[in-house]
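Let's have the full structure, built from the sequences with the hints guiding it.
For the record, the sequence lines run as chains U and R.
Sequential numbering from 1 applies to the first sequence in the working numbering.
Sequential numbering from 1 applies to the second sequence in the working numbering.
Don't take every hint at face value.
Any copy will do: because identical chains look the same in the list, a pair fits if it lies in one copy or spans two.
As the list claims (entries may be wrong) - Listed next, the in silico SDA-like pairs over lysine to any residue satisfying Cα-Cα at most 20 Å (straight line): (1) Lys317 x Asn34; (2) Lys318 x Arg379; (3) Lys318 x Pro140; (4) Lys279 x Pro135; (5) Lys65 x Pro44; (6) Lys317 x Ala376; (7) Lys104 x Ser297.
Hints in this document: simulated from the structure, not taken from any laboratory.
The chain contents come next:
There are 2 protein chains.
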Amino acid sequence: MADPSTTLPLTRASVLAAHSLIKSYIHETPVLTNTTLDQLASTPRTPEELRGTEWEATERPANPKIRFWFKCENFQRIGAFKARGAFHAVERLKQTEGLEGLRKGGVVTHSSGNHAQALSLAARENGIPAHIVMPTISPPPKIAATKGYGANITFSGSTSTEREAVTREVIEKTGARLVPPYDHPDIILGQGTAALELQRQVAASLSTSGTTNRRLNAIISPCGGGGLLSGTALACSDLSPSDPSTPGPILVFGAEPSFSGADDGRRGYYSGTRIESVKSLTIADGLRTPLGAYPWSIIYERKLVAGMYSVGEEEIKKALRLVYERMKVVAEPSAVVGLAVALFNEEFRSMVEREGGEEGWDLGVLFSGGNVELAALGRLFGEE
Amino acid sequence: MADPSTTLPLTRASVLAAHSLIKSYIHETPVLTNTTLDQLASTPRTPEELRGTEWEATERPANPKIRFWFKCENFQRIGAFKARGAFHAVERLKQTEGLEGLRKGGVVTHSSGNHAQALSLAARENGIPAHIVMPTISPPPKIAATKGYGANITFSGSTSTEREAVTREVIEKTGARLVPPYDHPDIILGQGTAALELQRQVAASLSTSGTTNRRLNAIISPCGGGGLLSGTALACSDLSPSDPSTPGPILVFGAEPSFSGADDGRRGYYSGTRIESVKSLTIADGLRTPLGAYPWSIIYERKLVAGMYSVGEEEIKKALRLVYERMKVVAEPSAVVGLAVALFNEEFRSMVEREGGEEGWDLGVLFSGGNVELAALGRLFGEE
Numbered sequence: 001m002a003d004p005s006t007t008l009p010l011t012r013a014s015v016l017a018a019h020s021l022i023k024s025y026i027h028e029t030p031v032l033t034n035t036t037l038d039q040l041a042s043t044p045r046t047p048e049e050l051r052g053t054e055w056e057a058t059e060r061p062a063n064p065k066i067r068f069w070f071k072c073e074n075f076q077r078i079g080a081f082k083a084r085g086a087f088h089a090v091e092r093l094k095q096t097e098g099l100e101g102l103r104k105g106g107v108v109t110h111s112s113g114n115h116a117q118a119l120s121l122a123a124r125e126n127g128i129p130a131h132i133v134m135p136t137i138s139p140p141p142k143i144a145a146t147k148g149y150g151a152n153i154t155f156s157g158s159t160s161t162e163r164e165a166v167t168r169e170v171i172e173k174t175g176a177r178l179v180p181p182y183d184h185p186d187i188i189l190g191q192g193t194a195a196l197e198l199q200r201q202v203a204a205s206l207s208t209s210g211t212t213n214r215r216l217n218a219i220i221s222p223c224g225g226g227g228l229l230s231g232t233a234l235a236c237s238d239l240s241p242s243d244p245s246t247p248g249p250i251l252v253f254g255a256e257p258s259f260s261g262a263d264d265g266r267r268g269y270y271s272g273t274r275i276e277s278v279k280s281l282t283i284a285d286g287l288r289t290p291l292g293a294y295p296w297s298i299i300y301e302r303k304l305v306a307g308m309y310s311v312g313e314e315e316i317k318k319a320l321r322l323v324y325e326r327m328k329v330v331a332e333p334s335a336v337v338g339l340a341v342a343l344f345n346e347e348f349r350s351m352v353e354r355e356g357g358e359e360g361w362d363l364g365v366l367f368s369g370g371n372v373e374l375a376a377l378g379r380l381f382g383e384e
Numbered sequence: 001m002a003d004p005s006t007t008l009p010l011t012r013a014s015v016l017a018a019h020s021l022i023k024s025y026i027h028e029t030p031v032l033t034n035t036t037l038d039q040l041a042s043t044p045r046t047p048e049e050l051r052g053t054e055w056e057a058t059e060r061p062a063n064p065k066i067r068f069w070f071k072c073e074n075f076q077r078i079g080a081f082k083a084r085g086a087f088h089a090v091e092r093l094k095q096t097e098g099l100e101g102l103r104k105g106g107v108v109t110h111s112s113g114n115h116a117q118a119l120s121l122a123a124r125e126n127g128i129p130a131h132i133v134m135p136t137i138s139p140p141p142k143i144a145a146t147k148g149y150g151a152n153i154t155f156s157g158s159t160s161t162e163r164e165a166v167t168r169e170v171i172e173k174t175g176a177r178l179v180p181p182y183d184h185p186d187i188i189l190g191q192g193t194a195a196l197e198l199q200r201q202v203a204a205s206l207s208t209s210g211t212t213n214r215r216l217n218a219i220i221s222p223c224g225g226g227g228l229l230s231g232t233a234l235a236c237s238d239l240s241p242s243d244p245s246t247p248g249p250i251l252v253f254g255a256e257p258s259f260s261g262a263d264d265g266r267r268g269y270y271s272g273t274r275i276e277s278v279k280s281l282t283i284a285d286g287l288r289t290p291l292g293a294y295p296w297s298i299i300y301e302r303k304l305v306a307g308m309y310s311v312g313e314e315e316i317k318k319a320l321r322l323v324y325e326r327m328k329v330v331a332e333p334s335a336v337v338g339l340a341v342a343l344f345n346e347e348f349r350s351m352v353e354r355e356g357g358e359e360g361w362d363l364g365v366l367f368s369g370g371n372v373e374l375a376a377l378g379r380l381f382g383e384e
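In structure tokens, the structure reads:
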């Protein structure tokens, strides 16, 4: 991996530069809107709906006005935003190290999820070998998918100590460069490009329809390791009012599952100390990771994220069902946590009501990915 | 219902007129492409894949070149193309009968599926009462969804005789006009508008990318009652080579499930006699209906459909899985039967290889709808 001291500064300008580097490799994913979900979000929740939740005692449920803009990274290459960071990391390594050396040593990461597939794809398209360290207990379809992208798989134990030891062995043996899944500037800058596109797409759509009195007011992003959230925060920092795609400030919010401590980012954000370990089995399996140090510096220390919110497992399932039934798109549970916050978290909704006022908000929602096992989905919905 | 003798002639010009009438009510649904599915369709099937199928003894599996263009009517209002026909039928009734009278008597149909919801929506948006006759045994979610569009529901027995008797009673009592689900010119002309849009969208996309040596060669449509297929055939008839959206002939094909006789359209087409009764429980539940008389006159008598093909239940499930996993869109089983034919039916594939030659074909595929019960989907995929 490129030495962090030689990476680009963590600014919006660097996200713009990242976008120029990767745009020929990635899809500009579509932005969808949905009248039914707008209406649902803009209707106060009933006392019956709030019964049994932490907002049961709320006297007057929030009444925000929300118009959603869904950035569909489930349609991205490999089915998730991770393609952005991986292609950017590889492009930067090509710039700083040269393609020749990279083709000899290759790249390496330890991951069993979307990042493994994203790095394998980015490497393959550049004729670079990819080494992926995966726990022996990884689900066979994930192993098969990663092999399908042409990666060399090395198995390890499932603790992070074991995985890191095997990764070091691969590096010693091959000279491969490490590309971590989220805690690195190049990855963060790559992930931020989704929010850049969203800014431009919303501005273009409003301009085409002649809607001059509205603009993108905020973006909510899922938060696991924090790569997507912190990249989004950078993309929304230092906005120029003279840029037609960013006529005003854009607030950025993080969304997490609350189940068994997966809301480490939120708890850290409000307590002032980063939480470095998480052991949650939330259905939003992409968000079981603790927040990384670089993301933390952007989200908390530089205060580029305006707030962190969480929702329970049932609320994530409800949002997932709405996305399938009403939008007809396939999303993974992690992808809909931001939507679940906007629909079901009374604190978030009260804040939007207060800040958005009569006009309400145009709210960007990052759908991070769509890689879900159909059998798992079957178990989730089949029993109902 | 408007007397068929006063309806527009069954021509492409009438489909164009239908599109002008309804375009402010419906979505111009997106057209998606997918490299992975193109590659899969353009790779010969292996002897292992053909084992156990009717093509087991094939010496040389077909090797067609296919580039797909998926017209996503699963993103249409009410989640299916049926909105097109229903809005067109209501617009035509407004023209011929006047809105006043319609608002008094209303419209009526017997259906438990997408047509019931489509007619309810079209009626509601015009302030017209909708009466829907549904079997008492209809699934509660379908009843709820139809009520959700503001329709008056009258229950009946489940045989067609019982449903028609109750429908006649409703008409006598209310003066409602009957809007049948597929066997009527106004419905057929409305459904044909999806193929019109597809022609224009493909031409625009090829033109934008500077691809001047390709054009839409054919469209494959699912076939139940035959409204969508016959409307598509009209939209592709009498093409003008001076129209930039139709620079050459476009062949139209029908796709059906083969399970327990649901391929009535195919059997009738090749035997020369329309089959008027079907009792199949194929998972493609929108295609359990026999071909109607008006569709038959277009498909068979006028020979505007170039061929009919069928596939088995396992092939429909495989295609459905690919659509979920690779395209990340939610489709109902009926919607993917055309894709299943293109991927798995050796007769169709041999024909494309022969007709398309070295260049291959740009093939439009009508994804008819996305209204699927998540629990049913769960059962379909959960057990695997």
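Here's how the hints hold up against the structure:
1. Lys317 x Asn34: within (18 Å within a copy, 28 Å between copies)
2. Lys318 x Arg379: Classified as both: same-chain Cα gap 15 Å, cross-chain 19 Å, threshold 20 Å.
3. Lys318 x Pro140: Between copies, since 19 Å is at most 20 Å while 28 Å is not.
4. Lys279 x Pro135: For Lys279 and Pro135, only the intra-copy Cα distance (17 Å) is at most 20 Å; the inter-copy one is 50 Å.
5. Lys65 x Pro44: within (10 Å within a copy, 53 Å between copies)
6. Lys317 x Ala376: For Lys317 and Ala376, both the intra-copy (12 Å) and inter-copy (17 Å) Cα distances are at most 20 Å.
7. Lys104 x Ser297: neither (34 Å within a copy, 66 Å between copies)
Hint check: a violation occurs at hint 7 only; the rest are consistent with the structure.
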